[in-house]
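Q: The lines below spell out each chain.
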Amino acid sequence: MERQVTLIALFAALIAVLGLVPKFTLASGIPITAQGMGIMLCGTILGARRGALAVLLFLGLVALGLPLLAGGRGGLGVFAGPTVGFLIGFPIAAFVTGWIMERMRGAPVFPAAICAAVIGGILVLYIPGILGMVAMLDLTVTQATLSMAPFIPGDLIKAGLAAALTAALYKARPASVLSRA
Amino acid sequence: MLTLTSEIRTPYHRLRAGAKLAALCAATVALFVLDSVAAMMLANAAVAGLYLVAGWRFLHAGLGLLKPVWFFVALVLAWHGLTGDLRAGTVIALRLIAAVALANLVTMTSRFDDLVEVVMWGLSPLRRLGVRTAPIGFAIVLVVRFIPVMLDKARLLIDAWRARSPRRPGWQVALPITLVAVDDAEHVAEALRARGGFDMD
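Read top to bottom, the protein sequences are chains A and B. The working numbering applies: residue 1 is where the first sequence begins, and numbers increase by one. The working numbering applies: residue 182 is where the second sequence begins, and numbers increase by one.
Don't take every hint at face value.
In silico SDA-like links for lysine to any residue, alpha-carbon gap of 20 Å or less [said to hold, decoys possible]: (1) A:171 - B:248; (2) B:248 - A:84; (3) B:248 - A:20; (4) B:334 - B:349; (5) A:171 - B:367; (6) A:171 - A:102; (7) B:334 - A:173; (8) B:334 - A:20.
To be clear, the hints were calculated from the coordinates, so they are not data collected in a lab.
Okay, chain A solo, but in the shape it has when bound (with noise of 0.2 Å):
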């Protein structure tokens, strides 16, 4: 118990800690913030429960108004902006990729972890993303999910990196990989 909820509270300061690392802009222009990797590394880590509670966790104190969202954004106002579906998308996003992870128990870490964080933390993550600014923007579907596609090789440079320090982590520690074991 003690080592579950330390390990739930260093992720979600993990994700706090990503999101202070200064952006770099694509080529195309549009900045790439660390932040969604420690999503994703959540699920990757921890596994699907304990990597969605770690995301709580990170919520729950940016809505008690901790600026921990990239660009050291927090408070309640940042619940009723135009990207709160990515908020409410996180944990499930985190979610998905701890279960895939551990549905994928037999095949090596690295490409287990790749495809649990495609799927779970862009795929996954983006739905509920696009949602949310379509009911807060009024925009079209296709208009949403067409402003995202400039994110989209940022998020599978973070897959990768996020898969490779998984593998790293299992290969040096690997009893702190809890979706492992």
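Given chain A's structure and the hints, the job is docking chain B onto it.
A: Using the frame of chain A, we list chain B on its own:
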């Protein structure tokens, strides 16, 4: 600790956090029910008035927190301008500004500890169902402590890289940073267990 709570004292700081949250919920629902430009203008004027009660400096700080919203306001207005429904676009943009500004107002005038207390109070019915809520409060404290510790250790590792390599620190530092953090967490868990863990209360 860094929070978004404003250091400018306002009358709202004295109100109970739970009451402010309840009022915010009601006001946000009302904002989404109303659907006319005039009502939205009125709502924004009212929100600005609420900020102004605490002075110009407070209003200015509030406007600063709205920065991320302007991009979306421009997007909505441009999109609806193109489709010829500028009225709907104006309503949505104004609603967005009012809703976010109102939520920010609660955040700016409530202490972090008070909000944590509201959360623990809200979770208390779970206790009757046999869910232990103490670990949740503990996890909140842990995260708040872990963030600066992790940043410090990351800075040390990046400095170590800089001292040894002419190249800029790359993504390779991510693994040692994660390892140090995971080891720290395992130590904290061990220390907790050694002191009786969550059963102590």
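Q: Would the hint linking residue 334 of chain B and residue 349 of chain B be met if the CA-CA limit is 20 Å?
A: Given pair residue 334 of chain B, residue 349 of chain B holds - Cα atoms ~18 Å apart, limit 20 Å.
Q: Between the alpha carbons of residue 171 of chain A and residue 102 of chain A, is the straight-line distance 20 Å or under?
A: At roughly 17 Å apart (the allowed maximum being 20 Å), residue 102 of chain A and residue 171 of chain A satisfy the hint.
Q: Would you check the hint for residue 248 of chain B and residue 84 of chain A, treating anything up to 20 Å between C-alpha atoms as holding?
A: 16 Å, holds
Q: For a C-alpha distance cap of 20 Å, please report whether residue 248 of chain B and residue 20 of chain A respect it.
A: OK: residue 248 of chain B and residue 20 of chain A at ~18 Å, within 20 Å.
Q: Keeping to a limit of 20 Å between CA atoms, is the pair of residue 171 of chain A and residue 248 of chain B held or broken?
A: Violated, at about 43 Å.
Q: Between the alpha carbons of residue 171 of chain A and residue 367 of chain B, is the straight-line distance 20 Å or under?
A: Given that 20 Å is the threshold and the Cα spacing comes to 17 Å, the pair holds.
Q: For the pair supplied as a hint, residue 334 of chain B and residue 173 of chain A, is the alpha-carbon distance within the 20 Å limit?
A: 18 Å, holds
Q: Please work out if residue 334 of chain B and residue 20 of chain A have their alpha carbons no farther apart than 20 Å.
A: 14 Å, holds
The structure shown violates just one earlier hint, number 1.
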